[in-house]
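> Chains as they are written, first to last, in this note's numbering: chain A, 15 to 341; chain B, 15 to 341; chain C, 477 to 810; chain D, 477 to 810.
One or more hints might be untrue.
So the derived list for chain B, only partly shown, Cβ under 10 Å to chain D, looks like this [said to hold, decoys possible]:
| id | residue |
| --- | --- |
| 1 | H67 |
| 2 | H118 |
| 3 | G122 |
| 4 | P155 |
| 5 | L300 |
Treat the hints as calculated values from the structure; they're not laboratory data.
C-beta atoms are modelled at their ideal positions from N, C-alpha and C, and glycine is treated no differently.
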Amino acid sequence: MPMREITYLQGIHEGLQHVLEHDPESVLFGQDVGAFGGAFKLTAGLQAEFGEHRVFDTPICESAMLGCAIGMATQGMHPIVEMQFADFITTALHQILNNAGTRHYRTGNAVPIVVRAPSGGGSGGGPFHSEELETFFCHMPGVKVVYPAFPSDARAAIVAAVTDPNPVIYMENKTCYRSVKEQVDDRIAPLPLGKARVRRRGEDAVVIAYGAMVHEALRAAAELQESDGYEITVVDLRSLKPYDLDTILAATAATGRVLVVSEGWKTCGFAAEISAAITETGFHLLDAPVQRLTAPDVPIPFAATLETRYRPGAGDIAVALRDLIEF
Amino acid sequence: MPMREITYLQGIHEGLQHVLEHDPESVLFGQDVGAFGGAFKLTAGLQAEFGEHRVFDTPICESAMLGCAIGMATQGMHPIVEMQFADFITTALHQILNNAGTRHYRTGNAVPIVVRAPSGGGSGGGPFHSEELETFFCHMPGVKVVYPAFPSDARAAIVAAVTDPNPVIYMENKTCYRSVKEQVDDRIAPLPLGKARVRRRGEDAVVIAYGAMVHEALRAAAELQESDGYEITVVDLRSLKPYDLDTILAATAATGRVLVVSEGWKTCGFAAEISAAITETGFHLLDAPVQRLTAPDVPIPFAATLETRYRPGAGDIAVALRDLIEF
Amino acid sequence: MPGMWTLETVQKVAAVDSAVWVDVLRLMVLARKVDEQVIRLCRQGQIRGSSFTGIGQEAISVAVAVAGEPDDLFAPCIRNVALHLGRGETPLGIMRQVLARPDGPTGGRDGNIHHGRLENGVYAMISHLGAMISVVAGGVMAKRRHGKDAVGVAFVGDGASSTGDFHEAMNFAAVFKVPVLVIIENNHYAYSTPNSRQFACRHLVDRAVGYGIEGLSADGNNAAEMYVTVRGIMDDIRTNPRPVLLEAETMRMRGHGEHDDFKYVPEELLLLYHRRDPIKLALRAMKAAKLMDDSAFSAMEAEIEAEISQAAKQALSETEPSPDTLTQGVYADA
Amino acid sequence: MPGMWTLETVQKVAAVDSAVWVDVLRLMVLARKVDEQVIRLCRQGQIRGSSFTGIGQEAISVAVAVAGEPDDLFAPCIRNVALHLGRGETPLGIMRQVLARPDGPTGGRDGNIHHGRLENGVYAMISHLGAMISVVAGGVMAKRRHGKDAVGVAFVGDGASSTGDFHEAMNFAAVFKVPVLVIIENNHYAYSTPNSRQFACRHLVDRAVGYGIEGLSADGNNAAEMYVTVRGIMDDIRTNPRPVLLEAETMRMRGHGEHDDFKYVPEELLLLYHRRDPIKLALRAMKAAKLMDDSAFSAMEAEIEAEISQAAKQALSETEPSPDTLTQGVYADA
Ligand SMILES: Cc1ncc(C[n+]2csc(CCOP(=O)(O)OP(=O)(O)O)c2C)c(N)n1
Ligand SMILES: Cc1ncc(C[n+]2csc(CCOP(=O)(O)OP(=O)(O)O)c2C)c(N)n1
Ligand SMILES: [Mg+2]
Ligand SMILES: [Mg+2]
């Protein structure tokens, strides 16, 4: 098959297009996603292609948007809701935690909704347009969470999320939108939810990462190989709930040294979960304590000087890995 | 000083009474907290004592209640907001995470609000009246979280929460309301936030717990002493953010074996944070991997048979401790 | 029948097939007696926690249940056991629900009133007030896309009208012209909080104009008026899709739950509504219209009571779900 | 001045001290030129991300800023730089804010428009639309308990009126009779979404009746009408505390942010509002009333421009905060 280069944003776009084309029950809605194409122009052209009936704008009402999606989903539709920024979901978490997340357990009725959550900082979005909220969603029973890092996975994860009969939070990283590119062909298969992917292999240590941090980790690994000759495994989780404990443990066994990286806040963050899970089930595999490298417990600052320090980067990861290996 | 026995509920009530009496800037509001005395009769008599101006009912609007509190707090008042059940905060988390939690960092203006969150299951509240949401709050920068287990601490924690210049989520456990009693005198001093209390000492293992789980842990420790002669340390965290890492590490050093117990959900729960933090800073102190004992990732079920299995109890803790000690 | 009606209403009532009134009365009695049975079980300590009933408010649910078509969708709240019963739930199902039995509508996983069977078009509520209006709107949008001429009905209380969710859903439905009837059952209290501390407008139906939709009021204790009003709206929005707001004034004749002594309600108000009991009013009118007599009514009551006590007995003989099922079914299988 | 006014309005306008009109005009020009400077900095790549301005909507903020008393509280939104400037923020403060300088109102921690100085009674907004109305209501409640006769003013857009937070806060303020003026700046669009897809009522001010409060409309591009209207309401609710809703029709003359080419806005609408530019309208009226002439206006412009370019130069000469301060001040010290 011929290959072509697409961006992460195109990956999501193509995933949406694929779903809208092949699944007549799918609809996409959110603020400004129609003719305007969304705040990031990610949905540009989809309304023109599939019609106002399939791709449409809503008023500004996150709770009603999610409630509407739940109602549709329980009647056999496959709604995809775009939050303009992930940050605004906190006005309506009850619709996800309580209404969508508990429904199958309580009634046996499936709620196949997908909530797209443009996430993450790095370009001056400030405290209300940069949040990483995966921890909230991963803590919710009945909810699944995906977080692709590469364009092909982003595309495949849309298909998987829409196909899954459960509420899926689709985390998408805004800094990856245009900066991350990949060669892909036109075959689109759903991403297997719950399966990580090892992006690089080495025996000195493993970095467990997701979203934009996968790319920082890969840069750090390349740097360290060059500078110190260290060989680093990089695990791209791709799916956060469920997460792929088998792959994590295998990498732990192979390296004995684990660094978990997240651009979310530290306390009670997703990185803690991975650390705790490794401790519980793979303690004997460890040559050094599992370390977390995360954002500090600070609102996401606007100034470039502050945000650069705030957000873990390849340099920070390299330092943490060196410390870990030389522990 | 003469001693008398009070319940956990009375502890909170007396704390509120103390604050309302001594701090003219304090007010207490929420749904039905006035003449009716609240869904649990916890605030009974306070409106009669302090007047409608200080203790008042609101319409059903969690976001406006919290917003109003933030507005008052920035003007020098000390509002205490009662959520009728903690579960309903998820309709308005943005007011805590974004509006209260970021304000001091962004503007230098303090936001001394207290949000009372009646939490926890155990008596058939079902999925929407039993939630344990401390993980959400502990993940929020700029927010503090207390969770007392004993009547005297409950009383002192109200005073501390109101005195603190930051947003404080005051977790209170509904099953403890009438079942937990303690001898107290009339001296009321604020609880030092961030300080745990060791409730029992032993060298075989330590249980780190909070809220209702402290009592289950104490029962388990007593049982194990009797049945197996094991000596268990029980740490009552009392404050979850900040949490008392020094006390946790000291207990880890003394026992080498740590069980973290929480009635919240497992994945990304608060117990993971404690496990990760011990691993990071006290790995060398461990003789066995830190274990978590939490509720499973399941909506809180209503039936007694299910809820009893759902919620960690003294028996489960004893089993986990025995496994840990015999690791 | 009470004298405040317009000629038009009287004519509408008269035009309804008399069998409907028997259905309406029967369903009100059934709901009342189911609720009374639940209260007995609660008093006997058979039910975990408190119990929440709709005693005094039956006419509203019954009107909707009887007016609905098979494809319609409903979002009941905590006062609508009559809606459940009218849309296919059985007394046995209710007994199993409140007793947390495995064969009940939520298999014992949810609390007493948070049930609903989607196969009957009835959504299981969540407690968060106001949250279900947008759900039923979305459900109706889906049904209509599937070619069904479904309409939706959501029930909320006066207190729930203060929530942001109420507002978002009303505006959303108005913008998308979704055929949902949102009924505010104004029973004067939200738990202990009276209307005067819940809102400052004269009537909650005054909110309709702010959504650009019609708003109507009806006497929530008058089953005939409720039925002709609800039926009229549902028929109308079925062919001319749009949301409508209906405020039904009524009274909760028990505490918020059985644990609540509702001393905050003035005696006179309860007395007034006691005289305006929806079953009494309907029975009197039907007797006057010769649609019912004492012996037929007694027979109806007896039959219903027998069914309910049999249901309670059956449910009591069953046991709660096995703890081993605790973690099953959190997710739907792919 | 435009001819649609009632005699009463004309009389009210005439009764205002003429010095006020000069203040109003000056502040509009200042805000416009500050916004234009921000746009220049944005184009030059000096600003992170996009920039959000209030060009075309200045009259609304200015009316409030000039009408306010020292104890009053304000919750501006993203189109209200004029409110900030009118309540004590300096052009230098704004430049420092958009350039994320340590001496700016948020010390570079927050994005360009999310600032406010509490010492001036101005709350720093959060992005979550509608969330600040209840905050300003709470602030006013506190001030009144402290014996000040403060009133509050919150600004929201047409889009924000769809949020649950808008509703909860309006109802809350109505129940507690909090003196807040909530101004909906209806600029016809919420980002790309036109009014027709945002709400279905005729006018957003129709929502007032549903809260049991007064609702007024005013021409948001007519500074004189805005001022007399806002001043009248603020004076009135100061002594007779209660919330009021005011819908001001206006137009956003740029994109949602500078990244947005706003092609979704029909040319004619922009042309219409271009002719109705609030500064032009005010200047023409003031010239007709001999309150301003060309040379005085040029002098005013020149003076303002000098201040702004000096402010920009100063702010540009400073540097962003040291990364070492990143974790400071998340909590207030006990
Ligand atoms: C968002 C939210 N806040 C608080 C509650 C707690 N609560 C349950 S019922 C109730 C009163 C409801 O009053 P109303 O809507 O009038 O219904 P009624 O009980 O009178 O039928 C309250 C406050 C809730 N369920 N949801
Ligand atoms: C709760 C919430 N949802 C979504 C957004 C994203 N958002 C920011 S501004 C905006 C449009 C606002 O329109 P309007 O209220 O009319 O204000 P205007 O920009 O026209 O002044 C949107 C959707 C937000 N800030 N908050
Ligand atoms: Mg009510
Ligand atoms: Mg607008």
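> So, for every hint listed, does it hold in this structure?
Going through the hints against the structure:
1. H67: holds (8 Å)
2. H118: Interface hint status for H118 of chain B: holds (5 Å vs cutoff 10 Å).
3. G122: holds (7 Å)
4. P155: holds (5 Å)
5. L300: violated (28 Å)
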